[in-house]
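S.K.: Based on the sequences and whatever the hints tell you, model everything.
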Amino acid sequence: MEVQTGESRTTWTSAPGDALFILGDHAGKKRKQDMSPVPVNQIIEDEEDEDSQSMSDNTKDPEEPSYKRVKPVTKSNSLTGVITPVKTPALKRFGQSISRSISFRTEARPLPPAPLRPRSKASSFPRRRNSQCWSDTVESHDLTAKEIKRQEVIYELTQGERQLIEDLSLVKKVYYEPMLKLDIMTESELGQIFGTLDSLIPLHEDLLKQLERLRGSEKTVGEVGPTLLNWFPCLEAYVTYCCNQVGAKALLDQKKSEKRVEHFLRLCQESSFSRKLDLWNFLDLPRSRLVKYPLLLKEIQKCTPSEHPDEDTLPDAMDMIQSIVAEVNKKTGEAECQFYRRGLTYLEEAQRLPEIQQSRFLYCHGELKNNKGQRLHVFLFELALVLTRPGEDKDGGQVYSVYRQPLPNNLLNLEEIPDGEAGGGGAFRGAFTSGNDKVKNCFRVSSRGRSKANSYNLQANDSFSKQQWITSLRQAIIQSRDRNAHASQSQFSSCPDPALCHIADLSLSSDTEMALQTSC
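Residue numbers (this note's numbering): 406 to 925.
You may find that some hints are simply not true.
Pairwise CB distance ranges, derived in the manner of DEER restraints [as the list claims (entries may be wrong)]:
id: 1; residue 1: Ser574; residue 2: Ser662; range: 22 to 30 Å
id: 2; residue 1: Arg765; residue 2: Glu582; range: 51 to 59 Å
id: 3; residue 1: Leu619; residue 2: Leu819; range: 50 to 58 Å
id: 4; residue 1: Thr549; residue 2: Glu592; range: 50 to 58 Å
id: 5; residue 1: Arg671; residue 2: Asn635; range: 42 to 50 Å
No more than 27 Å apart at the CA atoms, straight line, and that leaves these computed lysine-lysine pairs for DSS-like [claimed, not checked]:
id: 6; residue 1: Lys654; residue 2: Lys735
id: 7; residue 1: Lys654; residue 2: Lys697
id: 8; residue 1: Lys736; residue 2: Lys697
id: 9; residue 1: Lys777; residue 2: Lys845
id: 10; residue 1: Lys660; residue 2: Lys681
FYI, nobody ran anything at the bench for these hints, they're computed from the structure. Note that the structure is a prediction, hence the values are computed from the model and not measured. The C-beta atom is built at its ideal place from N, Cα and C for all residues, glycine as well.
M.R.: Written out as structure tokens, the structure reads:
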């Protein structure tokens, strides 16, 4: 499942400040200096750090009092000895002190050893996972290389369950409960974002206990097929969780614009327990785990000898997990399609094509540019192509205003525009390029056969995105036309009167010929 939402781009701009004159010594070090006239016979540093003080002590005149830190001009090796800073704000003096210290270290002596810092208390949630293999847990064994590989995969399956349980428990303890207690979000909002996450933890705890019981005295697992075959039906609970993720991601992105929510999530991500993952990375872990089960099971099958008892149950377990994953993907696709259909707003009633409401899933959606250089969010539904402009409603939610007329997939014509060919006049070239640059990653979609012909020139962000759009469009066109052909055949076959069927056949042929002539 691919879930995409509109992303905001942040441009960092430097804050305006007073212009400062910058001088550089012969070692290449830059310093911020004030240009006020000062005496040049000596430099008295009030804000010097430890290294600067040592340097000044080594170079001061022995006749000077010991309580003065003075650098004679004659013993200065750089421009810092002839220009003295006057009173400046604390921040500037601190910066100047650091610059002088670095210069002294470079010219006089090597860096002193860094002071030892006391080790902070380790977090209960490590920043990185400990990568441990099955071979690291046993002292000796007499297994074949193939059986060792089998044990490694089963151990990876077990460890994956343990880590998933830890992460889901962390999400509940560190994110859900504090945000509810601190009233950062309402209970209803948290329920929509976290969904049925809490109910998934007992399922994986049950599998982990069963897998640990399978390990014998030598820490090896014999049969694992029956255990997985009996446990996989529990994964049907993922249908509800994954279907909720579409709306959960949209709501989470919307709430991130609130200062309290953004501040809390940022602090959590910067903490050691998060491993640099944000909240959505944790919420998406169950779906990632689900699609990994068939891969792990396939590896176990490869390493299982033909005479092993698992040979009878592993194929059945593989069929079951594949059907569950397919069902979850199907239901999630339908939920995603319904979610984005509800977010469409129409400027004209004619834009409400029945093909949009009849679509059950999305092939793909994302950002494209039109021939005016405008950024559009394009949806390729099962039966229609819809161009929209993203925006927000009064509550801050994401909405998509339909741009121009949607195109039915069965009437679509697709044309790939080679790089360097404008194919749409000077406006097309000027919108997509600057100067004499060549047009890249463009294609054209058009629709004919209805009262009005529509044609849209679109540009993808890169060549990979363009190829994905072209592949998805071709697949949508073929499947939509096949669907209409099957529907027409079933309609004619159910006609009771042969004469009426003949008339309908003639009418269809005439309409098809007219459509072909119009497209030519």
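S.K.: All hints, please: hold or fail.
M.R.: Now the hints, each set against the structure:
For Ser574 paired with Ser662, a C-beta distance near 29 Å keeps the hint of 22 to 30 Å intact. The given range of 51 to 59 Å is broken by Arg765 and Glu582, whose C-beta atoms sit roughly 38 Å from each other. As the Cβ distance of Leu619 to Leu819 is approximately 53 Å, the hint placing it in 50 to 58 Å holds. Checked against the hint of 50 to 58 Å, the C-beta distance between Thr549 and Glu592 comes to roughly 55 Å, which is consistent with it.
Distance hint for Arg671 and Asn635: a CB-CB separation of about 43 Å, consistent with the stated range 42 to 50 Å. Straight-line distance between C-alpha atoms of Lys654 and Lys735 comes to about 18 Å, which keeps the hinted pair within the 27 Å bound. Between the alpha carbons of Lys654 and Lys697 the distance comes to roughly 22 Å, so the proposed pair stays at or under 27 Å and holds. For the hint linking Lys736 to Lys697, the alpha-carbon distance of about 18 Å falls within 27 Å, and the restraint holds.
Our distance criterion of 27 Å between C-alpha atoms is met by Lys777 and Lys845, whose separation comes to about 15 Å. About 20 Å separates the Cα atoms of Lys660 and Lys681, which keeps this hinted pair within 27 Å; it holds.
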